[in-house]
Amino acid sequence: MEQYFDPEVECASREQITAWQNDRLVKQVERVYNSVPYYKKKMDELGVRPEHIRGIQDLHLLPTLTKDDLRDQYPYGLMAAPLSDCVRIHSTSGTTGRRVVAFYTQHDVDLWEECCARALAAAGATKDDVVQVCYGYGLFTGGAGLHGGSHKLGSLTLPMSSGNTDRQLQFMTDLGSTILCCTPSYAAYLSESVNERGLRNQIKLKAGIFGAEAWTEEMRRDIEKGLGIKAYDIYGLTEISGPGVAYECSAQHGMHVNEDHFIVETIDPKTGEVIPHGEKGELVFTSLTKEAFPLIRYRTKDIGILYDEPCPCGRTHVRMSKPMGRSDDMLIVKGVNVFPSQIETVLMNCGYPANYQIIVTRANNSDRIEVQVEMTPEMFSDSLSEVAGREKQLVSALKAMLGIYCVVKLVAPKSITRSEGKAKRVIDKRNLY
Amino acid sequence: MTVKQISVFLENRPGALAEFTKILEKSNIDLRALSLAESEDFGIVRVIVDDPFNTIQILKDEGYVCSITKVIAVEIEDKPGALVKMLNILGDNKVNLEYSYAFLAKKANSAFMVFRVADNDKAIKVLTDNGIRPICHEDMEELFK
Chain A
0 MEQYFDPEVE CASREQITAW QNDRLVKQVE RVYNSVPYYK KKMDELGVRP EHIRGIQDLH
60 LLPTLTKDDL RDQYPYGLMA APLSDCVRIH STSGTTGRRV VAFYTQHDVD LWEECCARAL
120 AAAGATKDDV VQVCYGYGLF TGGAGLHGGS HKLGSLTLPM SSGNTDRQLQ FMTDLGSTIL
180 CCTPSYAAYL SESVNERGLR NQIKLKAGIF GAEAWTEEMR RDIEKGLGIK AYDIYGLTEI
240 SGPGVAYECS AQHGMHVNED HFIVETIDPK TGEVIPHGEK GELVFTSLTK EAFPLIRYRT
300 KDIGILYDEP CPCGRTHVRM SKPMGRSDDM LIVKGVNVFP SQIETVLMNC GYPANYQIIV
360 TRANNSDRIE VQVEMTPEMF SDSLSEVAGR EKQLVSALKA MLGIYCVVKL VAPKSITRSE
420 GKAKRVIDKR NLY
Chain B
0 MTVKQISVFL ENRPGALAEF TKILEKSNID LRALSLAESE DFGIVRVIVD DPFNTIQILK
60 DEGYVCSITK VIAVEIEDKP GALVKMLNIL GDNKVNLEYS YAFLAKKANS AFMVFRVADN
120 DKAIKVLTDN GIRPICHEDM EELFK
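Same order as they appear, the protein sequences are chains A and B. Quick note on numbering: numbering that gives the first Met the number 0 labels position 267 of the first sequence as 266, and the sequence is numbered without any gaps. Quick note on numbering: numbering that gives the first Met the number 0 labels position 110 of the second sequence as 109, and the sequence is numbered without any gaps.
Hints were generated in silico from the structure; no laboratory data involved. Do not rely on the hints blindly, as some may be mistaken.
To be verified - Straight-line distance between alpha carbons at most 20 Å, and here's what the computed SDA-like set of lysine to any residue pairs gives:
# : chain 1 : residue 1 : chain 2 : residue 2
1 : A       : Lys391    : B       : Lys59
2 : B       : Lys3      : A       : Pro376
3 : A       : Lys408    : B       : Asp128
4 : A       : Lys224    : A       : His252
5 : B       : Lys59     : A       : Lys224
6 : B       : Lys21     : A       : Lys408
7 : B       : Lys69     : A       : His252
8 : A       : Lys413    : B       : Asp40
Unchecked claim - Rough simulated footprint, nothing fancy, chain B against chain A, three-plus residues with beta-carbon under 8 Å:
#  : region
9  : 186-195
10 : 379-389
What the hints assert, rightly or not - Partial pick of chain A residues on the chain B-facing surface, computed with a CB cut under 8 Å:
#  : residue
11 : Pro376
12 : Lys413
13 : Ile415
14 : Thr416
Built from N, CA and C at the ideal position, the CB exists for glycine as well.
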């Protein structure tokens, strides 16, 4: 039996969804135009006025936003509500330069948690379930989003945060967790640990919601088999609210976008032209209901496909595929966003040349990132401890910048392959898409 | 009263040292001492050769990162306790060794110790005050005739 959190919304007719979107888009555009000078400027530059937007058919007239706009307007430039109405922030991983801070009013938190509650319900969670949340808590939206969703649903919520596997397994067995929420790589790791320790018949898990990083169908099967559960995907980004922008149902074929709160489009990343559903394009989201940080036509750089076909689960909201790649060079490693330019900045700050190669691999469902750096006369010394000490400093600086541990490998000068005079910076061997 | 040592960055992979020595062979460079230090992902090979300036030019042309370091080389008598005596002199005078290795010369019936210290002048003074004379690079010529 398919479960819903809010069946009237989740299974609303297409006409109803369109009516909500038309109404909310018009109001939202008018609101941001009048309260965010940056939007006003961008719209004025294109000669678009709020009255030109009469419904979703006019959405394409509006300017798009990218992470650069967010960075440019950091921290308050895109706020559409007074700071005094805000109750929380969340932030993306990354450097000061790349960091995005999103603000939430209580209304924004509520709608976000509602989206997460829908995702949990679709995975079969009810008020009788025990939801173990081992996404990180803090600035990262993972922990807070699923935590709030679980509350909304009335489930018993275990705010575990990430790591400390011994404790995770203890609570999982002692308290009989039935729903697991974490990154797919951590789920795979937990699955391994459960089986290694012979705990398989002591756990009561029935489903898991795994997101924040790319994972394959093969990995899904591994996790499902290892833990004896059904594994559900979830999609979201801090800029738009967090996890729960879209979520998978029992059909496990694409994630339903919460269309009463967000409009999703696919565009050609080069021209910006809107691409019809069913074809691959860059996913673009518009927030219809958020108050504090309502992004209009935000380009995610994630490439995906939208599916209109009716879903056997009964939900009517459009589905999006798993992200099938990126239109920029961002990598997601261990659930953390990594831009090669961040690594370049660290190398230069530490005195290394900007000639490097990033090699990402995945073994046993766990990511490993190696940064190969060429040795230079300036960084060399006859003393091993001196060279190794500088290498350690580099590892620490990368950790500080990216939030994850990178393996650094010093290589001989000019040993990093260059094709047509330009080095290939990233080698991702994970075959994620 | 120092000897010129060449330090070279090597990747930690099979064949890296062989490739390096191949270049010395090709260029007819006479190797007098060699010592290797390694970390997880790289190594530093330290060598003493007959013509350091020529060698470093050749290595640079071949794309190696290398540097010249002045180290102290001291003759040690071939009898038990000789090394201890020497190390005690340095230790008692608070001369810290960064690294050290040994080599044998063709002509002398004795061994030589190489010391890398932070302050060469101080180490030389300590040694000469105790009647020990570190050799110069030019002395090497005689030793390897």
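Here's how the hints hold up against the structure:
| no. | hint | result |
| --- | --- | --- |
| 1 | A:Lys391 / B:Lys59 | violated (26 Å) |
| 2 | B:Lys3 / A:Pro376 | holds (17 Å) |
| 3 | A:Lys408 / B:Asp128 | violated (45 Å) |
| 4 | A:Lys224 / A:His252 | holds (19 Å) |
| 5 | B:Lys59 / A:Lys224 | violated (56 Å) |
| 6 | B:Lys21 / A:Lys408 | violated (24 Å) |
| 7 | B:Lys69 / A:His252 | violated (68 Å) |
| 8 | A:Lys413 / B:Asp40 | holds (17 Å) |
| 9 | 186-195 | violated (count 0) |
| 10 | 379-389 | holds (count 8) |
| 11 | Pro376 | holds (5 Å) |
| 12 | Lys413 | holds (6 Å) |
| 13 | Ile415 | violated (12 Å) |
| 14 | Thr416 | violated (14 Å) |
In summary, the structure is inconsistent with hints 1, 3, 5, 6, 7, 9, 13 and 14 from the numbered list given earlier, while agreeing with the others.
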